[in-house]
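S.K.: With the hints as your guide, set chain B onto chain A.
The listed protein sequences correspond, in order, to chains A and B.
Counting along the first sequence from 1, when you hit position 271 you're at 271 in the numbering used here, and nothing is skipped either side.
Counting along the second sequence from 1, when you hit position 161 you're at 161 in the numbering used here, and nothing is skipped either side.
FYI, nobody ran anything at the bench for these hints, they're computed from the structure.
Note that the structure is predicted; figures quoted are calculated from it, not measured.
Treat the hints with care, since some could be wrong.
Pairs count within a copy or across copies, as identical chains cannot be separated in the list.
Taking lysine-lysine and the DSBU-like style, the derived pairs with C-alpha atoms no more than 30 Å apart in a straight line are [unchecked claim]:
(1) K92 - K130
(2) K317 - K188
(3) K29 - K317
(4) K92 - K10
(5) K358 - K10
(6) K92 - K217
(7) K217 - K322
(8) K217 - K287
(9) K92 - K304
(10) K10 - K287
(11) K287 - K161
(12) K317 - K287
(13) K10 - K161
(14) K304 - K322
(15) K185 - K317
There are 2 protein chains.
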Amino acid sequence: MPKHLVELQKHIHEWISLHREESTDFLRKLVSMPSTQGNEQRAQFLIADKLLELALEVELWEPDGEALASHPYFCSPRNHFTGSPNVVGVWKGVGGGRSLLLNGHMDVVPEGNRAQWHDDPWSGQVVDGKLYGRGATDMKGGNVSLLIAIEAVQSLGIQLKGDVIFESVIEEESGGAGTLAAIVKGYKADAALIPEPTNMRIFPKQQGSMWFRIEVKGRSAHGGTRYEGVSAIEKSIAVIEHIRALEVERNARITDPLYANNPIPIPINIGVIQGGNWPSSVSDTVKLEGRMGVAPEETLDGAKEEMLRWIARLSEKDPWFKAHPPSVEWFGAQWVPGSVDPEHAFMQVLMQQFRAVKQVEPVIEASPWGTDGGLLTQVGDTPCIVFGPGITQVAHYPNEYIEMEHVFESAEIIALTIIQWCGLDEAEA
Amino acid sequence: MPKHLVELQKHIHEWISLHREESTDFLRKLVSMPSTQGNEQRAQFLIADKLLELALEVELWEPDGEALASHPYFCSPRNHFTGSPNVVGVWKGVGGGRSLLLNGHMDVVPEGNRAQWHDDPWSGQVVDGKLYGRGATDMKGGNVSLLIAIEAVQSLGIQLKGDVIFESVIEEESGGAGTLAAIVKGYKADAALIPEPTNMRIFPKQQGSMWFRIEVKGRSAHGGTRYEGVSAIEKSIAVIEHIRALEVERNARITDPLYANNPIPIPINIGVIQGGNWPSSVSDTVKLEGRMGVAPEETLDGAKEEMLRWIARLSEKDPWFKAHPPSVEWFGAQWVPGSVDPEHAFMQVLMQQFRAVKQVEPVIEASPWGTDGGLLTQVGDTPCIVFGPGITQVAHYPNEYIEMEHVFESAEIIALTIIQWCGLDEAEA
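One chain only, chain A, in its complex shape (with noise of 0.2 Å):
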């Protein structure tokens, strides 16, 4: 590292240290804002607010629902945004230099049973260092992070070559549509970081999923005489059974090193069992719902196809499928997989960073989850990369919290790339 980065790296690190507070107080403040899907106003004007404040051109819009439903890659339960903003704030650089976009999103999963929070889901209180709420680590910690860095990078006093565009997004937690509202708009960039909480593992690729709705259909009939129907509930027990054998097929296929520590690289889950209405009688229906696993390189078509004709196969093993086919359905959320190549270049740029303030190697890794790097990378034209402080077995429960040393970490590191990737104007630096 060249002497003038070790000393950037420094007035980084000590930039940080001494807005600690400032940084904790307004990730507290975050939290405290209850942005689940509908209700992210507030905290979006203060990003924005914030964004204005670092002097970036800030755009904040509601997405047009009725021109994004047409295009193929919208997902969303709803479709109008009103009271529903996205931010985008750029930085210009001065020219000749990479581009890098920042991605983060403001919508939050609602908190849940309360009784099960030992404190206010909303309160953003910090103890031993960890500071709690609902969204703290998933991810209002790791967009902090990226502010951090941006106002870090500025306190140098210098100018990027690269643009630097930080977007804070709704819908990631509904498939999407945030950040696809950007991608149409045309924000793009040389690379793109999203720092979902990855507990500082790197992420060049990640697992896509959708969601699937299978019915699985019986005979009615009285339970005294249950010999005279077909139970639905047994037959759903063979398409479960059916299902758990595509996943051992497709996983087989994953061999990329990547997926060396996971044990189910792209699980199918069936999350949701119903059937039957009546305890004495036969059930008729059953509903299935799951998510599959989608694989970094895969397309969703490609996966519905493989399920749709795997599903076909029952017939196979039970003449009843035949006459009565379950039916699949695709339906609710769904996240795009991501492939950047691990020996990408922003990939080099990010690792030597973390290598320079963690002082060991990164743990690279591919996400068991989709986020929205899928759509940069496949739609929007920007390979992306995950990294981020927090960790995902607290995110959607109850006390979830991120460790503030840890999205400082990121911050620091996250300064650094910006500044090795978009480039310092030399003729400041």
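M.R.: Just chain B now, kept in the frame of chain A:
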């Protein structure tokens, strides 16, 4: 058959033939009154009126739910019966004969999905000799066959030695609180007949049943890392298969020739499955609800204990169940099983009259479902046989109907049975 009995039969047959239209009208009127749970009053008033017309001693009362609730065989989703009266009519004999209790329930199950009915579910319309409507076969048709039988016997201008007790009860569909209330009031007899839809087969034994609810536990996780959780849906498959093995074991013990034609004499039906609430989460709970058949000679408590012991053995198959034993709960309805010796004198009398009217041997079987007969036999000290017109295949289904011809034939057999069992007062004969 002595000559005067042949004449009595001829007279009864003619009386029933002559009153076909009147009897059909009465059944139509009864079916047109939607006597679902809580709405039995109008139909019961019609019955009470009919019984008064037949000069029976009539008692009509709303069972005292609070008093009944402490009875060990009480089973009902409600504990007050305002607007839901029982009706009993007694035709006193001159003495010296055997008494007979004729029991039928007036409550009907709801009509279900109206779109699946070709006509109004409460029309009572007759097409090609079939009277359509909810409750036609289960069991207003049977009830009317009892009333026809009584009126036909009365038309002979004779006196019986034994009492005839006619009961029109509520709550059969939800566990027998109506019949239990009549038992508690003291109504009993030397034998009983319930004309549930047996398709004119004779059932001296009846399967009992009760409802259970099993909760199977898992451990939640994100679907993308489903291997970090334990799927309650997968564990529930093990529970279902374990219960299937219990069904095999229990049915292997049934050697009663009355069950010879029944592939599963005492089935365990799992009618409802419900688990998980999010497609991309590993489900942490699955609820199973079902109906456990209970053999005629078994007690409900004995069957319950066997189920509990069996479920406890799941931990031998999978240590997960040792740490997280599925809970078993008994809820909703139950029907006490019943068993009368096929050699019982009342069986012989009923079979003789069947042969006399139908000129074929009756089919003797054990019923695959419970009726109020179990309560009469086990609790009410009144050995009860089930025999009646109508087929169970249409009970509880859209477009329920009954063949009027079978109502009249049953009435004829029952009329002769009344005479033979209760005995003619020879002073008049």
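S.K.: A separate judgement is required for each hint: does it hold in the structure or not?
M.R.: For each hint, the structure was consulted:
no.	hint	in the structure
1	K92 - K130	neither (34 Å within a copy, 84 Å between copies)
2	K317 - K188	neither (49 Å within a copy, 56 Å between copies)
3	K29 - K317	neither (57 Å within a copy, 51 Å between copies)
4	K92 - K10	within (24 Å within a copy, 108 Å between copies)
5	K358 - K10	within (13 Å within a copy, 105 Å between copies)
6	K92 - K217	neither (59 Å within a copy, 54 Å between copies)
7	K217 - K322	within (11 Å within a copy, 33 Å between copies)
8	K217 - K287	both (9 Å within a copy, 20 Å between copies)
9	K92 - K304	neither (41 Å within a copy, 75 Å between copies)
10	K10 - K287	neither (58 Å within a copy, 58 Å between copies)
11	K287 - K161	neither (55 Å within a copy, 60 Å between copies)
12	K317 - K287	both (20 Å within a copy, 28 Å between copies)
13	K10 - K161	within (21 Å within a copy, 112 Å between copies)
14	K304 - K322	within (20 Å within a copy, 38 Å between copies)
15	K185 - K317	neither (50 Å within a copy, 58 Å between copies)
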